[in-house]
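Colleague: Sequence:
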Amino acid sequence: MPNPSSTQRHIAPDGGWGWVVVLGAFLIHVISDGFIDSLGIVMDRLKEEFHADNASAALVFSVLNAVYMASGVVATAIADRIGRQLTCAIGCLFSALGCLLSIWASSMLLVGVTIGVILGIGSGLMYSSAIVCMTTYFDKKRSLATGITVCGAGVGAFLFSPINALVIDHFGYKGVFILFTGLFVFCLLFAATFKPIPKQMSQEVEDRTLLSEKSSAAFTMKEIEEKEDGLNHWLRKTISLLKDPVLLVFGFSCMVTSVGTTGPIYFLPFYATNTLGLTRDQSSVPISIYGLSNTLGRLVCGFISDRRIPLPKKAGDDKARNRRCILGGSLLLCGLFCCLSFLLSDFLSVCLYAGLFGYFSAASICLLSVVLVDLVGIEKLTNSFGIILTFKAIGTMIGPSIAGWLADYFGSYHPSYIFSGLINTLGRLVCGFISDRRIPLPKKAGDNKARNRRYILLCGLFCCLSFLLNDFLSVCLYAGLFGYFSAASICLMSVVLVDLVGIEKLTNSFGIILTFKAIGTMIGPSIAGWYI
6 MPNPSSTQRH IAPDGGWGWV VVLGAFLIHV ISDGFIDSLG IVMDRLKEEF HADNASAALV
66 FSVLNAVYMA SGVVATAIAD RIGRQLTCAI GCLFSALGCL LSIWASSMLL VGVTIGVILG
126 IGSGLMYSSA IVCMTTYFDK KRSLATGITV CGAGVGAFLF SPINALVIDH FGYKGVFILF
186 TGLFVFCLLF AATFKPIPKQ MSQEVEDRTL LSEKSSAAFT MKEIEEKEDG LNHWLRKTIS
246 LLKDPVLLVF GFSCMVTSVG TTGPIYFLPF YATNTLGLTR DQSSVPISIY GLSNTLGRLV
306 CGFISDRRIP LPKKAGDDKA RNRRCILGGS LLLCGLFCCL SFLLSDFLSV CLYAGLFGYF
366 SAASICLLSV VLVDLVGIEK LTNSFGIILT FKAIGTMIGP SIAGWLADYF GSYHPSYIFS
426 GLINTLGRLV CGFISDRRIP LPKKAGDNKA RNRRYILLCG LFCCLSFLLN DFLSVCLYAG
486 LFGYFSAASI CLMSVVLVDL VGIEKLTNSF GIILTFKAIG TMIGPSIAGW YI
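Those letters in the sequence shown? Residues 6 to 537, by the working numbering.
None of these hints come from the bench; they were simulated from the model.
Heads up, some of the hints might be wrong.
What the hints assert, rightly or not - Straight line, CA to CA, 30 Å or less: simulated BS3-like cross-link-like pairs of lysine-lysine:
| # | residue 1 | residue 2 |
| --- | --- | --- |
| 1 | K179 | K52 |
| 2 | K145 | K200 |
| 3 | K146 | K179 |
| 4 | K145 | K248 |
A quick note: this is a predicted structure, and the numbers were derived from the prediction, not measured.
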């Protein structure tokens, strides 16, 4: 019988079973995010089938992204109650059900319900469980582990874009839904890897917070949080996080950038076929390139984010600050690429744009949970992760809708890409605002917050210059640059979040951040689609 005064210490093993968790989370990203990132190819066929316009297709993207991110808060609450294994398993079944019901959808509205709502809920539960569980297993290697995990999305986009095009040619769009119904059920095996970290008893009664100033992944808790009522305890933790100005600003930044980063890749197949006159097979190639470059970007981002950067006067010694700079710079470049989308005039330029966009957008996914731990601490990860996902949900819901509306209104996709670039730049500025300031958090946690801003600014700049895209080469260049620099917004998000709130608050704060991102991703593609 343990001493009543003893505490339980959660220590990140930085390896061991954690690498199995990374593998499971990676494969979940391959299937779940691979389906979402390659959905534009399926939607192109659905537009023809249901005689829908860009705004209708954008609405499906908006709802899907919004629900996907907004479910992060629900996922964190459920995970606190029943565990991450079961939460992820429920998400797998929801996603499979959404794909299965889509086979009988007879309108774009029903597709919005089956794919946007049902599959969105399932994917959100899977994503939150995978990221949070993986993050708690690592400390010193957290960025690398996160980079490996989230690069599964790029691998999925690379693999499933040509596969989906092939399946559509032989079996129609319903064949894609049948394929992914089985794949989502198969994800139950990967969810089984998300075991909780074994709790180690300690007699150090006085140690109630962090074990080390150098590690935000090791912390102590009262014995099983003294078994507080699950819902009330979750609400109290979430409300307390919502009072944190650092988390709110970071969430707003994620929401704004989500508005601008979701539309470009979704509408790329439409732009390639409708504006440039490329074949459906050709239009699937840039998505594969995007997935491949995004995978590379996430690996590179995760690798360098855990290391000191050799800069004059030891400017690169602050790893948390480096992560924030990577995230900000990547988003800046993504915005610049979008603004240069008007230069896309042939197959080569579209491929170049997709590659650059995929590479630089990787940071926004790869670093989300790591930055979140930097911000709020590992002990607050579950609740903060859900909050961030809610912010992202608002952005992802608005983004595609605005993009689709802009596309229909102006009869061109260029305004949508320019809008994405400008909004990305705004997100970078917000991120830079908090990154250049020391935030009054315990143990100087605010020192680990600044690495995201430069990439975001570059992404916005690229989008603003998209009017220069007029041939295949320029489009490919734009896609590559945008993909590379937008990578930080994903790769560094969790890293910066840890810098701001600490690893102990990552789960909940990450959900909040994803909510802000959901708002942005909902608005961005919608405006872009309407403007085009």
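Colleague: Against each hint, give a clear statement of whether it holds in the structure.
Modeller: Results of checking the hints against the structure:
| no. | hint | result |
| --- | --- | --- |
| 1 | K179 with K52 | 14 Å, holds |
| 2 | K145 with K200 | 20 Å, holds |
| 3 | K146 with K179 | 41 Å, violated |
| 4 | K145 with K248 | 29 Å, holds |
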